[in-house]
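Since the structure of chain A is already known, use the hints to place chain B on it.
As they're listed, the protein sequences go chains A and B. For the record, in the first sequence the residue sitting at position 96 is 96 according to this note's numbering, with numbers rising by one throughout. For the record, in the second sequence the residue sitting at position 302 is 302 according to this note's numbering, with numbers rising by one throughout.
Hints may be right or wrong, so weigh each one.
Claimed, not checked - Each pair of labels, with its calculated beta carbon distance range:
#, chain 1, residue 1, chain 2, residue 2, range
1, B, F329, A, K73, 46 to 54 Å
2, A, Q192, B, T16, 39 to 47 Å
3, B, W401, A, G27, 22 to 30 Å
4, A, G178, B, P345, 55 to 63 Å
Treat the hints as calculated values from the structure; they're not laboratory data. Nothing here was measured: the structure is a model prediction, and the numbers come from that model. We put the beta carbon where it would ideally sit given N, CA and C, even for glycine.
Each chain, letter by letter, is given below.
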Amino acid sequence: MARGADCSGGRSGLNAELQEPVIEVDGLRKRYGDVVAVDGIGFAVRRGEIFGLLGPNGAGKTTTVEILEGLRKPDAGTVRVLGIDAARAPERIKERIGVQLQTVSLYPFLTVTEVLDLFRSFYRHSMPTAWLLEAVELGERRDAQTRHLSGGQRQRLSVALALVNDPELVFLDEPTTGMDPQARRSLWSLVQRLREQGTTVLLTTHYMEEAEQLCDRVAVMDHGHVLELGTVDELVSRRFRERAVHFETLPELDLRELGDLAGVKRAVVEDGQTVLYTADVGATIGALLARTEALGLEPRNLGIRRATLEDVFLDLTGHALRE
Amino acid sequence: MNALLTLTIANIRSFTRDRTALFWTFAFPVIFVLLFGAIFSGGGSTRYAVGWVDQDGTAASAELRQAFAQITLLRLHDGSLAASLDAMRQGNLQAVVVVPHGYGAAIARSAQVIAGRTSGAAAPGGSPAPGASATPGGGAVHAGLVAPSLAPAAVELQVYTDPSQQSSSATIRQIVSQVVSSLDLALTGRPPALGVSDRTLQSQRLTNAAFLVPGILGMALMQLGVFAAVPLVAQREKLILKRLNATPLPRWTLVGSNVVLRLLIGLVQTVLLLGIGSVVFGVTVLGAPWLMALVVILGALTFTSIGYVVASFARTEESANGIVQVVQFPMMFLSGVFFPIEIMPAVLRPVAAVLPLTYLGDALRQVMVGGSAYAPLPLDLGILAAWLVVCLGIAARFFRWE
Numbered sequence: 001m002a003r004g005a006d007c008s009g010g011r012s013g014l015n016a017e018l019q020e021p022v023i024e025v026d027g028l029r030k031r032y033g034d035v036v037a038v039d040g041i042g043f044a045v046r047r048g049e050i051f052g053l054l055g056p057n058g059a060g061k062t063t064t065v066e067i068l069e070g071l072r073k074p075d076a077g078t079v080r081v082l083g084i085d086a087a088r089a090p091e092r093i094k095e096r097i098g099v100q101l102q103t104v105s106l107y108p109f110l111t112v113t114e115v116l117d118l119f120r121s122f123y124r125h126s127m128p129t130a131w132l133l134e135a136v137e138l139g140e141r142r143d144a145q146t147r148h149l150s151g152g153q154r155q156r157l158s159v160a161l162a163l164v165n166d167p168e169l170v171f172l173d174e175p176t177t178g179m180d181p182q183a184r185r186s187l188w189s190l191v192q193r194l195r196e197q198g199t200t201v202l203l204t205t206h207y208m209e210e211a212e213q214l215c216d217r218v219a220v221m222d223h224g225h226v227l228e229l230g231t232v233d234e235l236v237s238r239r240f241r242e243r244a245v246h247f248e249t250l251p252e253l254d255l256r257e258l259g260d261l262a263g264v265k266r267a268v269v270e271d272g273q274t275v276l277y278t279a280d281v282g283a284t285i286g287a288l289l290a291r292t293e294a295l296g297l298e299p300r301n302l303g304i305r306r307a308t309l310e311d312v313f314l315d316l317t318g319h320a321l322r323e
Numbered sequence: 001m002n003a004l005l006t007l008t009i010a011n012i013r014s015f016t017r018d019r020t021a022l023f024w025t026f027a028f029p030v031i032f033v034l035l036f037g038a039i040f041s042g043g044g045s046t047r048y049a050v051g052w053v054d055q056d057g058t059a060a061s062a063e064l065r066q067a068f069a070q071i072t073l074l075r076l077h078d079g080s081l082a083a084s085l086d087a088m089r090q091g092n093l094q095a096v097v098v099v100p101h102g103y104g105a106a107i108a109r110s111a112q113v114i115a116g117r118t119s120g121a122a123a124p125g126g127s128p129a130p131g132a133s134a135t136p137g138g139g140a141v142h143a144g145l146v147a148p149s150l151a152p153a154a155v156e157l158q159v160y161t162d163p164s165q166q167s168s169s170a171t172i173r174q175i176v177s178q179v180v181s182s183l184d185l186a187l188t189g190r191p192p193a194l195g196v197s198d199r200t201l202q203s204q205r206l207t208n209a210a211f212l213v214p215g216i217l218g219m220a221l222m223q224l225g226v227f228a229a230v231p232l233v234a235q236r237e238k239l240i241l242k243r244l245n246a247t248p249l250p251r252w253t254l255v256g257s258n259v260v261l262r263l264l265i266g267l268v269q270t271v272l273l274l275g276i277g278s279v280v281f282g283v284t285v286l287g288a289p290w291l292m293a294l295v296v297i298l299g300a301l302t303f304t305s306i307g308y309v310v311a312s313f314a315r316t317e318e319s320a321n322g323i324v325q326v327v328q329f330p331m332m333f334l335s336g337v338f339f340p341i342e343i344m345p346a347v348l349r350p351v352a353a354v355l356p357l358t359y360l361g362d363a364l365r366q367v368m369v370g371g372s373a374y375a376p377l378p379l380d381l382g383i384l385a386a387w388l389v390v391c392l393g394i395a396a397r398f399f400r401w402e
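Looking at chain A on its own, in the form it has when it is part of the complex (with noise of 0.2 Å):
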């Protein structure tokens, strides 16, 4: 994208406004009602990367993005986004940022290129329809009427209009929801050209491999509240030095059986899986085929791998991340 250094507001000190992180979140509060959706949040996000907000539905990911988006007021605490407060003055804000809303239908009787065009209309500065169509790959498709695209379609032009005002800071709600995975791969290459351009992203996903290929680093957020925040080797490392051994689970054996098995440091069972989180993988397989062997069963899928984001979240939360 062609954004020179003096697009930044035409400010002076460049250097320090590069510093400055894009986004600051410090106690963040939002409820609806009796239900709190943000429980006092905070984090900050550089300028030039990729942050994801990791959890599952309800966690709280879409109120905050909204909250950033200037789109809703927060209850409490502060939120600046360029350097402006999005509570106060979410106008100036607009101008400069990209959204992608989750669920999108958008003008069904228009075709790509027309709300292209109208949302092109919108901004002061604006990207070329050709090359936003070429971004998100829905050049051939530039006639049809949206209410004839696929889901996938719908969403890779959600992803465009995002694009539209050639953005500092673009926000990505689960941008990959309903695509194939094709559609979900080159969204992520496209992601990452944005990322080379000097884009800041902010994206929200309970996608475990989106987190793991795409973000910089990764805010867990559950329940209102971040867990946990950091780079994915940092989540993983800090959390799991150790391996996971994973079998179906079976039901002859008691999970607390199974933790004080040798170099077992934490036993869970999930969708039908049992993983032995373990620091030394020999003498914990060793003991578990012993102990099956005994009760004269056979542990099916055996298999060790090392722990991911999925594990991290497992182990914060005590629920998968997918439900």
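Here is chain B on its own, set in the frame of chain A:
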């Protein structure tokens, strides 16, 4: 400004590509005008077929027939009494007039009496008024042609009408009475002191169509405005409004483009209905075009603001549709669109008095066809403006973008 233009174009495209919306917006009022116009104005012709039974067969009765034949509203069909009544039973005639035997003789006698009296002394005032005696329910009406002073000479025209056809029966009876009265006066030789001359502002087919066309134009503008709620709520439900709210697009631009669309649709509807009114029913706009435009625009704005009020309280597209029906249906039938408020039951008249469509219809009727006023024009416009202001206030307070 650019955004207002592109958004308006986007709205127009969305609207014209949605065939269902298009049909309901334009075809519905047109069908209404054609349908109700045809029903109420009897196919555009208001001539009555009347059987003429001459049992007298004199020069005087022929003269009487001549007098009736001159009345353009009547089309006379000669025949025997039995045949005419038969035709009436079959619905081919709306009334039958019978000139009884002895009519000519009675007229001749009364002429002599009058001649004698005028040569004698001045003793007027004693002559009984010529009258039409009606016996409702009996199926037959006797219009009495009573020769003055000397009662024995009186002779009665018999008029058979159908009590189930109230309005045409009444009209025919009235016409017969009028002809008889004027003949009576001519016979007595007194010049009429008081006369009535019929005047209408439009063509002869004015009556019902002239009432209907402005009414249905008002109804169309009402629906166009109130129904604005439905796409608005749909856009909110589909988060289109929320998405737009995440752009720098000012809200007034969004509202403005929707209002511009409504006004454009209102303009097309007005042209369409005025065209049909003029071509099919001969109803043309008498008032100043600028005044007409003012009333149409104010009406469209007022009802669009009511649409925004509905959109403020409806959560889903379906509930918006339901509320719109609840709002528009009573207005359609209680605001004098299809029939004058004066003939509505007394309990419903206060309802009509508060409905904004009453005043839009009244204003359009006054401006378009110079119809009799329900309220003075400035009051009509004032009440519409008041509705507009109140609804804007409510919408500004309660409308939600998501």
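Q | Indices of hints not satisfied (ascending) | A | Result: hint 1 breaks, nothing else.
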